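Going down the list, the sequences are from chains A, B and C.
Letter 520 of the first sequence, counting from 1, is numbered 519 in numbering that gives the first Met the number 0, and no numbers are missing.
Letter 251 of the second sequence, counting from 1, is numbered 250 in numbering that gives the first Met the number 0, and no numbers are missing.
Letter 434 of the third sequence, counting from 1, is numbered 433 in numbering that gives the first Met the number 0, and no numbers are missing.
Be aware that one or more of the hints could be misleading.
Not close to chain C: a few residues of chain A, all C-beta gaps over 10 Å, as computed [said to hold, decoys possible]:
{"no.": "1", "residue": "ARG187"}
{"no.": "2", "residue": "ARG198"}
{"no.": "3", "residue": "ARG377"}
{"no.": "4", "residue": "ASP405"}
{"no.": "5", "residue": "ASP506"}
{"no.": "6", "residue": "VAL593"}
Quick look at which bits of chain C chain B covers, simulated, 3 or more residues with Cβ under 8 Å [as the list claims (entries may be wrong)]:
{"no.": "7", "segment": "68–79"}
{"no.": "8", "segment": "403–411"}
{"no.": "9", "segment": "457–464"}
Just some of the chain C residues that point at chain B, by a computed CB distance under 7 Å [unchecked claim]:
{"no.": "10", "residue": "ARG198"}
{"no.": "11", "residue": "ASN205"}
{"no.": "12", "residue": "GLN208"}
{"no.": "13", "residue": "GLY514"}
{"no.": "14", "residue": "SER516"}
{"no.": "15", "residue": "ASP550"}
{"no.": "16", "residue": "ALA553"}
{"no.": "17", "residue": "PRO609"}
Worth flagging that the hints you see were computed from the coordinates, not collected in a lab.
Everything numeric in this text was worked out from a predicted model, so none of it was measured.
Idealized CB from N, CA, C, for every residue including glycine.
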Amino acid sequence: MHGLLYGGDWNPEQWPESVWAEDVRLMREAGVTMITLGVFSWARLQPGPDDWDFGWLDRLLDLLHAHGVAVDLATGTASPPAWLVRGHPEILPVTADGVRLEFGSRQHYCPSSPVYRAAAGRLARKIAERYAAHPALALWHIHNEYGDHVTECFCAESATDFRRWLRTRYGTIDALNHAWGTAFWAQRYGTFDEIEPPRTAPGPVNPTQNLDWRRFSSDALRECYRAEKAVLDELAPAVPVTTNFMSMFKPLDYWAWADEEDLVSDDAYPDPADPRAHVNAALDYDLMRSLKRGRPWLLMEQAPSAVSWRPVNVPKRPGLQRLWSLQALARGADGLMYFQWRASVAGAEKYHSALLPHRGTAGRGWRETVRFGAELARLGEVAGSRSRADVGILLDWDSWWALELDDHPSTRMRWRELLAGWYAALWERNIPVDFVRPGSPVDGYRVLVVPNLYLLRAEHAAWLGKFVAEGGHLVCGGFSAVVDENDHVHEGGAPGPLRELLGVAVDEWWPVPDGQSVPVRLGEERVVEATVWSEWLEPLTDGTEVLGTYDAGALRGLPAVTRKGSAWYVSCHLGEEVSSVLDPVLEEAGVRPVLPGVPDGVETTVRRGPDGAYLFLLNHGENSVDVPVPGWAGAELLTGEPVDGERPLRLPELGAAVIRGPR
Amino acid sequence: MHGLLYGGDWNPEQWPESVWAEDVRLMREAGVTMITLGVFSWARLQPGPDDWDFGWLDRLLDLLHAHGVAVDLATGTASPPAWLVRGHPEILPVTADGVRLEFGSRQHYCPSSPVYRAAAGRLARKIAERYAAHPALALWHIHNEYGDHVTECFCAESATDFRRWLRTRYGTIDALNHAWGTAFWAQRYGTFDEIEPPRTAPGPVNPTQNLDWRRFSSDALRECYRAEKAVLDELAPAVPVTTNFMSMFKPLDYWAWADEEDLVSDDAYPDPADPRAHVNAALDYDLMRSLKRGRPWLLMEQAPSAVSWRPVNVPKRPGLQRLWSLQALARGADGLMYFQWRASVAGAEKYHSALLPHRGTAGRGWRETVRFGAELARLGEVAGSRSRADVGILLDWDSWWALELDDHPSTRMRWRELLAGWYAALWERNIPVDFVRPGSPVDGYRVLVVPNLYLLRAEHAAWLGKFVAEGGHLVCGGFSAVVDENDHVHEGGAPGPLRELLGVAVDEWWPVPDGQSVPVRLGEERVVEATVWSEWLEPLTDGTEVLGTYDAGALRGLPAVTRKGSAWYVSCHLGEEVSSVLDPVLEEAGVRPVLPGVPDGVETTVRRGPDGAYLFLLNHGENSVDVPVPGWAGAELLTGEPVDGERPLRLPELGAAVIRGPR
Amino acid sequence: MHGLLYGGDWNPEQWPESVWAEDVRLMREAGVTMITLGVFSWARLQPGPDDWDFGWLDRLLDLLHAHGVAVDLATGTASPPAWLVRGHPEILPVTADGVRLEFGSRQHYCPSSPVYRAAAGRLARKIAERYAAHPALALWHIHNEYGDHVTECFCAESATDFRRWLRTRYGTIDALNHAWGTAFWAQRYGTFDEIEPPRTAPGPVNPTQNLDWRRFSSDALRECYRAEKAVLDELAPAVPVTTNFMSMFKPLDYWAWADEEDLVSDDAYPDPADPRAHVNAALDYDLMRSLKRGRPWLLMEQAPSAVSWRPVNVPKRPGLQRLWSLQALARGADGLMYFQWRASVAGAEKYHSALLPHRGTAGRGWRETVRFGAELARLGEVAGSRSRADVGILLDWDSWWALELDDHPSTRMRWRELLAGWYAALWERNIPVDFVRPGSPVDGYRVLVVPNLYLLRAEHAAWLGKFVAEGGHLVCGGFSAVVDENDHVHEGGAPGPLRELLGVAVDEWWPVPDGQSVPVRLGEERVVEATVWSEWLEPLTDGTEVLGTYDAGALRGLPAVTRKGSAWYVSCHLGEEVSSVLDPVLEEAGVRPVLPGVPDGVETTVRRGPDGAYLFLLNHGENSVDVPVPGWAGAELLTGEPVDGERPLRLPELGAAVIRGPR
């Protein structure tokens, strides 16, 4: 694979072979370089337990190869065939209420089912054996969107697997009883055999049981992935392997998953009806790039226009799909793939837009497909280039899961919503950020932002302390460092092992009711409003400086924002107004935006490769703007026009530019 | 049966026989002419498997006959007795989640249950054998409100029946696989035995499976009906048969059902708290009249005042029940029946109003019962008369079901809401309309209105083309002609087989988000707002005239409303503002209102019989109004006063008049 | 027990024994006098079927006794251990949909389970045998919050028990068929064996079946309580027994429950985020005092600050917990206990505030714990004193259950919301009220308020008549006296057996739709708005005086409020505006507030004991106020300062005073 990938999922089983030749001809016309095949082909490839039909797929790979299109070949294990389900009904997943979900959709399997796992492994092996050496094969695509519909199963097989997982984790039932705090509410277990999944219960279920269930459920799906990966690695060691992620997805700990991928790929569906969709998309793309520490990733699925699964599915207006695709490139993608190549005429996704729409080559959609394919070809040199950031944002799935357990001071404290304000503040300033895994190397970052870290392990506390000790700037949001890995409150209360570092103690959580807010005074002039969350906070040391105070209500006069040395604590939820706290930190840490003087709404990133640096300018606003690009003398790659770095560049509404500069 | 029927359901099992004599005396006082008996009498008639008790019912029929009251005798099969359910628990219906619904309410049976069907048939036979020749018997009333609570059952018996139905429809599993598009998402079936009902699944279920399930479920209940009908026809061939419909009811294809009825009857419960209830009621009554192409129908159930099953049950204010009853007559009913005669003092419907309320003869309710009975007697000659319409509205249950499947461009596209605007526009102008079954004769109509026809079969496309070719005016709403009978998108996209006729192609669906709207410019002066739906529309021919364009947003300047010859296409949802499009069509087609110059809020219809024409004037407004009635010299039947056709008629608030004129 | 109790639940199983000594030391520091032990100790006390471990509990009781802390010892039966559930999975409760609820929370048992009942009885016996004579033992605490999570179970065991209960109630199946009105909808039962619990059914379930199910479910839990009570009474006859109630709790008929308690205790959790929480709390406390006709009760659980089970859990601001605790005293409590002593660090309630918070003795919480303990010690003499009221409010669980059955004129008629307006009107005026059980002695009351009595038995009608006949003033709200104990509408309609007494007949219910209101004219000047409910009301006698009329809509000019002699009828819902009706009644009846001239927001009550009277003044307002206390010369007990009865007393925001006066 070289240059930027362009293509999408193709489900040719839906049409007679006679249509395939036209498809491939049109792919060439559009500049398609890679096609994903076989995502939902299990029933076609294996019509019965010992019945295999590969001829049609042979012909497809040959055909694509003959036309110079590489193949991302799926193992097709996300949708087991009817005969397998009817022969082994225990494969079907079960809800927390005990409902066994029926065949007729997709992902109808229990992740812990030995029968499913064996059948999936057998299919993967057959495919790998047959195509490992095919010249069209460029990438393995395991399964599809793990956890899209079924992230957990409560059946008896899952219960057995959960107990196995718990035995491995805890060793003894006493260790589990301690970790789960079963002394409370008389939940003590005598043996592992007494444990079941956290099915619907009379009242709130043990929180640590729920937390372990989240961990187990992510792991159970990962076991499925690993089993297939092992087969592919064995039979085709040279071919990279991916599975398509679903952006920042709570059920799966993608840090752990990405460790076992050769290439990170993502399915991203920002909503054209959401005026802030591009900010959330930037966040997700930053995560994808961060998952393997900056290595280019692949946008495996996006929609050319509308999707079909929202209540109201608004299409992308002309120019929007181009802009949003370039955004993925700007944030580290090396390819842009779509769901799907040719629009289905039947089934659940027939109203999902496609590169080749129902109208065929007559409509707007096809014109944009062809036009963008040509543009992309001009950006080939960007492939492989990387970007860097001075700011890291901590992301820990374990803490996310724990944060959103039941019976907390406020159910409104949701990771994605807490994160959004911090991220948007940085995005608005065009400050590049990476997501950072707890415990990973952070010596390259000047500032580490921790919007929330409800669950904090002792070793991560030490790691944060080391970061600060070595000159880093830490900014930590409220309701952090509350519990340990067992969801036990740290001794002496929050922020537990960070009390020393931050120089504060939380006396009590003061969640803010819906529709209300609390003013926070930051210096003489500036008052911002906190929603959702506030804290009764006490400084612990003389070195603790109070930067902001609550300005009304029961907490009036108490500290809201503090710093001790280069460790900041923001006890309340400020949304995007957190910029009032962040800006001076960035200033002090010497963090600068990508480019100064960029108009509002213009997203700016830089990727650097061996042949130069690439400045991306993306105008998300509703007007045309002039963007000064001082120092960026070179060429604008989309147009091929030279850029002198002195005159500003004009970007129309939804306009974009990619400038190759010397540095 | 002659004259207009007046009466209601009577459940005398609830009281000692000693009360019956008073009931019958009061029926005479009120002018009651027909009583429905036995709707919920199964447990009383058959206390055990081989235990029958008909004596009490014998006495009731004799008593009613002796007092000149005819009987609408029910087969009583809607509520199987406890002993049957406990002896055969598999009779109980099962939800999509697998919950087997319990005895204790009504309609607790699986429509596909052989045990239920056999028991229902046996009961119907016993009743028919006993009463076929009873002189009181005027009408058979099969079952009660098929599908009111249970429109579908997901049990194993239903699964077997569904597979049988599918085998009949498709013949081979390959045909089914093609129709359902099972190549997508690997849903291919090897045999019919692998198919189950569309129970709750991990994600969206195959849409064609869901569509066939709708068809099957309507048919399964119809099978129940047909089995009883066959028994009654065999034993009492001269007695007409009905089952009470529930207005325009999605789960049952009443076109097919009405084919097998001798008389259409309806249960109608417009909500007094809804200021537009009468417009919706008019719509439902027009359907009932249309179901057998204009033959008089029977309002089998309405509430004298409040119902008891809404969250808040507002009564009918004085005069409202009279006005609304006359409305049913105005739209073709030949009788007005009520639920129920004497108010229950126990059970789930004790707060449902009755002709004889809890207060007995002391209260307002009884006074209105008696007064209206007397009025109705004066309108007897109206019975049997008919009305005609120049405008037909297409209604196709198959398309309705398909329209509202999941994973569409917008979940907000619901048939009843789309229809409402078109219907109201015509109602406001007092334009008579019929509902039209696809494929039926339409030579009598000048204009055919198609608010939506998402699913369009090839033969219906040809039928529409013929209508236009023969001089008809066709007005077709958006998101029409999208799929074929298998829910496959028509080749080349919408409006598929109507592209030629309408002269347009839809490039992309542009649903409008909730709370937003898009302006549509119709000529120089007129701008209306489209909500819910818009389309990227392209004219295909020079003959396509653009009558309206989108005036903002991504579609600005694109066509919104077009015509080609006498075929109009309205690509957006205009609600009642669609009148701006319809008015010129009606003008051009020569369609006139019933009466010119009628004040707003006055509903006007005409029925014609051998003895003259009957003009109905119904004042739904809140003020008294003067209605000019040019040409209507004759008599006002409610008062008996002469009308000279020159002076306007004064109608008080909620007032009504029925003028017999010569023509 | 003497003086006022102070303490809380302690779950020491959660910590190593080494911590216990510190706990007990801190209890002394805080002035704790009683501790509840063993509420969730079953799994610890009985680790296996024949395995008992009491040593740790022995040590705890000894330790507490040594430190002068009394013990409220729980039987611990609310949370059966895992081994019991796994050995007898049929213990687990089942929902109306058939979902068997899983272990992992608490209250995971079917109240009708013989296995559960036997195991609970065995545990209670073991505990009683061991500790009956322990000198620390002051109170038995059976179970915990009966019905908190599981108020009903739909399993087969429950069905058997329900049938047994029905046989006892009705004797014959004919009697049941009559009571349930099974003649309607063909629900007739041939034998009791055909009856099942009211599980989810196709449509509305028989209302009397649902009503009996409510009665049975309250009784089934009460059977559990009685079985344990019998064991404790047998083995420790001198030790009083309680179970902790949950304020005015619909599922359990606390009148019947309190009959079987030696001491009423309550768990009360008013929401600090609700500005009217203290009014609702006053209502609940009045009920607790009334349950045993004025005997002091025990606030068994309250939160020192925030709870953890609301969506957003706002803490109590400084001073609020003191004020609200004194409120319980003011309304008859003889002790203030908390959940819980030491904050849990794990489990579902770790964010529930505690007397000893996570921060330990460092924080605000502990300071308030200690400060209030010292204050409480100064109020010891209040213990045992009582209060009296001239006004009674009728409360009947049977009627409450029936009122809120389905298929009523309006689902918005909820007892707690109807009651709220009447209660608040009296609270605002500082009029003391008791709750009154139907049929109980009422000779001490001048006014009896009946916000709603939908279900009225004949004997209670007679009892109300007698009250009025003997000079009492009765004020009865709408939708009362509608049905008898079988939920059958009284003959002739409402208000059935009260028609004579009230002098009115209801012709029809006119519920008011959401968001609408109806003006009611009360005399020349005063118009108030009725929401939710109105009635078409007719005076029956000349003696019926119309005090208010509807002033718009269909009911314009009809009576809304009437009186006949000293029996008032208020046919509409006026919320707190009902004071316009109540005030003249109180005036006429000679009912006076506790103290005249008290500023708004200051709650005032009096308790009287052998040593004097105690005037409580509680300032719920947001400002400091001066309260005149004419005649209350004595001492303010919290400060020890003398009060001369002439100068007003100043109360700061959230301030309180307790004046001991001579009378």
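Closest CB of chain C to the CB of A/ARG198 still more than 10 Å away: 4 Å, violated
Nearest-CB test (10 Å) between chain C and A/ARG187: Its Cβ does come within 10 Å of chain C, the nearest being 4 Å, so this is violated.
Separation of A/ARG377 from chain C, once the least beta-carbon distance is taken, above 10 Å: Non-interface label on A/ARG377 holds, nearest chain C Cβ at 53 Å vs cutoff 10 Å.
Hint status (Cβ of C/PRO609 to nearest Cβ of chain B, threshold 7 Å): This interface hint is violated because 54 Å lies over the 7 Å limit.
A/ASP506 and chain C, when compared Cβ to Cβ, separated by more than 10 Å: Violated, since 5 Å does not exceed 10 Å.
Residue hint C/GLN208, partner chain B, criterion CB-CB below 7 Å: 6 Å, holds
Status of the hint placing C/ASN205 at chain B (closest C-beta pair under 7 Å): Constraint on C/ASN205 satisfied, holds at 5 Å.
Coverage of the segment 403–411 of chain C by chain B (three or more Cβ within 8 Å): Satisfied; 7 residues make the cut.
Satisfaction of the C/ARG198 interface hint, Cβ to chain B closer than 7 Å: 4 Å, holds
Interface restraint verdict for C/GLY514 against chain B (beta-carbon cut-off 7 Å): Check failed: Cβ of C/GLY514 comes no nearer than 10 Å to chain B, outside 7 Å.
Chain B contact restraint on C/ASP550 - CB to CB distance below 7 Å: At 16 Å from the nearest chain B Cβ, C/ASP550 fails the 7 Å test, so the hint is violated.
Restraint check, 7 Å cut-off on beta carbons, for C/ALA553 near chain B: 4 Å, holds
The structure shown violates the earlier hints numbered 1, 2, 4, 5, 7, 9, 13, 14, 15 and 17.
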